[in-house]
Amino acid sequence: MRWRKISIVPYGRRRKMKKPKLLWLQAITCNGNVHSFFNHPQFLDLISRYEVVYHPMLESSCKLEDVFARNASCDVLILEGAIAKQEDELVLHYAKGASLIVTAGTCATYGGVFRQKDPRQIGGFLFDNQNITERHEAFCQKTVSIPGCPLHPQWLGFVLESFLLRRPIEKDRFLRPKELFGYTVHEGCVRNEYFEWKIDAKGFGQKEGCLFYEQGCQGPHTRAPCNKILWHEVSSKTRAGTPCLGCTQADFPTGDFFQTPKHMGIPARLPLEVPKRAYLTMTGMAKSFHVERLERKLIDYE
Amino acid sequence: MKKLTLHKLIDKIEGEAHIDFTFQNDRIESVRIAFGGSRGIESILKGKSALDATVITPRVCGICNHAHLIAAVRAIEEGYRRSGVCVELSSKAKRIRDITLGLELVQNHIKWFYLTLLPKLCALVGHNEFIPFAKKAHTMTLSATKAVALFSGQWPHSSYAVVGGVTCDPTQVELLQALFVVDRLICEFEQEIIGIDIDRFLSFDKVADIETVKGDMGLCITLMRRNGLDAIGRSHDRFMVLGGSHLSPLGKSIATVTAGVDTRYVETFEQEGTASIGVAYKGRLYEVGPLARAMVSKNPMIRALHKRYKDAVLCRVYARVQEAALLLVTIKQMLQTLPIDEPSCVLQPNTIVDDFEGEGSVEAARGSLIHRTKVRSGKIVSYEIITPTQWNLSNGLSNESGIAALSMLGLYDTQTATLVFRTFDVCSVCTVK
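Heads up: the protein sequence lines correspond to chains A and B, in order. Residue numbering for the first sequence follows the numbering used here, starting at 1 and increasing by one per position. Residue numbering for the second sequence follows the numbering used here, starting at 1 and increasing by one per position.
Think of the hints as simulated: they come from the structure by calculation, not from any bench. Note that the structure is a prediction, hence the values are computed from the model and not measured. A hint or two may mislead.
Claimed, not checked - Mimicking DSS-like on lysine-lysine, the simulated pairs with C-alpha atoms at most 27 Å apart in a straight line are:
id	chain 1	residue 1	chain 2	residue 2
1	A	K85	B	K46
2	B	K332	A	K207
3	A	K63	B	K8
4	A	K19	B	K136
5	A	K18	B	K135
6	A	K96	A	K85
7	A	K63	A	K142
8	A	K202	B	K379
9	A	K228	A	K207
10	B	K136	B	K214
Let the sequences and hints guide you as you build the complete structure.
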């Protein structure tokens, strides 16, 4: 995608120029993306490069009443929360004037948890679950999707930095940055060796074993760099022994979490684009061997 | 004299609230608080698997999601126990849950202090000194949430508490990292917020001791006292704690007289003109939150302040800041003595109960949070969530005003009244779950 021309210049000269205006607008939300983005280590450096027109937590240049009355304007519109069809006029008003729209989180991107209250009336901005909405055509060029429940602060940070530097972002069919969502949650998971050798975790609270076979881990078929760009720079769900819940996916929340749905003993959803025959062959081979090291406790406390 | 009603939109309180202030003779005579439309979490849960509540309910709230997780998992555990399954958590799992929940409270209190309370207080009294509120809030929040993530993987919206314990099995490496981060957080808290040693701060037990508090809390106390804001904001002087923890036992306190409680007597009621329900206990309203916890646990300093101020603004504000300090010291102790070789999760895999009813309560940042689940053939048939803000922010019963509503009556202007409102640490999203 290319940015429409607005008055933005590289860092070196930015003090002399007007800052781009950032508006954080909320629809049906839990506020989770506001709090998650606040965990960005350079949050203040980043946000101070913008004029914050309105933010749900920080001091802003505009009052919320003025935002509601459409007396504000923005270059960057950050949308948080699922959108009800009959209440999208305010969103459309600011979306039209913005140079960049970011759908922050799974609700704004696909509808997420709150879509499930009334899937016919509530959805994401440009996607309703997997399908495109009628707004898609008008806004897909200038929209970047950052799904996640919540989003990872550095994913949103990447988009806002790119905008300041006028660097184009390569997007996939869900308008997600390829640089981020080209990865799966499985990539970088510390339990990968257990996956390779088909050794499942024997319950929760264990350092050992892969969570894909029994505990419902969706990491191998969920796109997000959770195990590449770590959460809080230190961890991720799978590193804390929690199965990936697929919270960046269009169909989140799928339900029946913490168990792996199976067909004839084989996980119903296989790793992304892995053919069933290939999966079965590899599984058969891996299971025919025993790797003693992987069958022992990682650490034996004496 | 003619009545005048002013409408105010209150924002940056985890969403928004609408307040109608009605004035008579220049003073606020009545207050109506309204929150926006319901998001339907309870109905979304219907038909889902019992354990899905531990994934869906944290999404009620971006700032107290962890408390929702713990309440949800406790509700299932209690249901399992009632069905005869032994769910006795290891002390390690209990401790880890207490640590992460405690850290969530700490980050909440810090954000409330620097982003909700202090900027508004300074603006109200015309204190123009430059204070980097957001920077201070950010630095300390980063430490608190990083320490949570070392156990829960991420914050917000972790689902690391599972029936029977926790999913993580930390090594000494994560433990020492967490200890280091919490130590730094304590230093930041001492330097920025209280300006004195944390142990000394926690040893205070006389009203005169507040003179000794320095830092931004010292400034806050000075500004409140100098401008006559310390003794306003009194309400019914009744307090409730329904989720026992290391902070406070279960109980209620009417002024200083404490007694036992039972969640069976918790009643909810519909309210006109707002999507939020109200909550009462045996037909009476109670304040929940840090002040309630301090009163029920007979905290010496809060009792001393209460003797002078009752449930006024200064007491409520001090209780929240003091609770953050208390939590930090307790969390550090828990980290130092965590029995790392105990099991993280005691429940055997594949232990599934198909029919049960359970209730889980927890002390969230803003007070008692209750989850009630009813499960048939493995699916949720009904789910009820009662949040702290519903206790504090109701519009009252026919015979008594709401807790926050009463605290604003008699004041002369809406700015002062909304400051009092903010001392309750209002959470809009929790109200319209």
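Quick rundown of the hints versus the structure:
1. K85(A) / K46(B): Since the Cα atoms of K85(A) and K46(B) sit roughly 23 Å apart, the hinted pair holds (cutoff 27 Å).
2. K332(B) / K207(A): Within the cut-off at roughly 24 Å; holds.
3. K63(A) / K8(B): Holds. K63(A) to K8(B) sits at ~12 Å (cutoff 27 Å).
4. K19(A) / K136(B): holds (23 Å)
5. K18(A) / K135(B): Measuring from Cα to Cα gives roughly 23 Å; hence the hint holds.
6. K96(A) / K85(A): holds (17 Å)
7. K63(A) / K142(A): At roughly 26 Å apart (the allowed maximum being 27 Å), K142(A) and K63(A) satisfy the hint.
8. K202(A) / K379(B): holds (25 Å)
9. K228(A) / K207(A): With a Cα-Cα distance of about 19 Å, the restraint between K228(A) and K207(A) holds, given a limit of 27 Å.
10. K136(B) / K214(B): Holds. K136(B) to K214(B) sits at ~16 Å (cutoff 27 Å).
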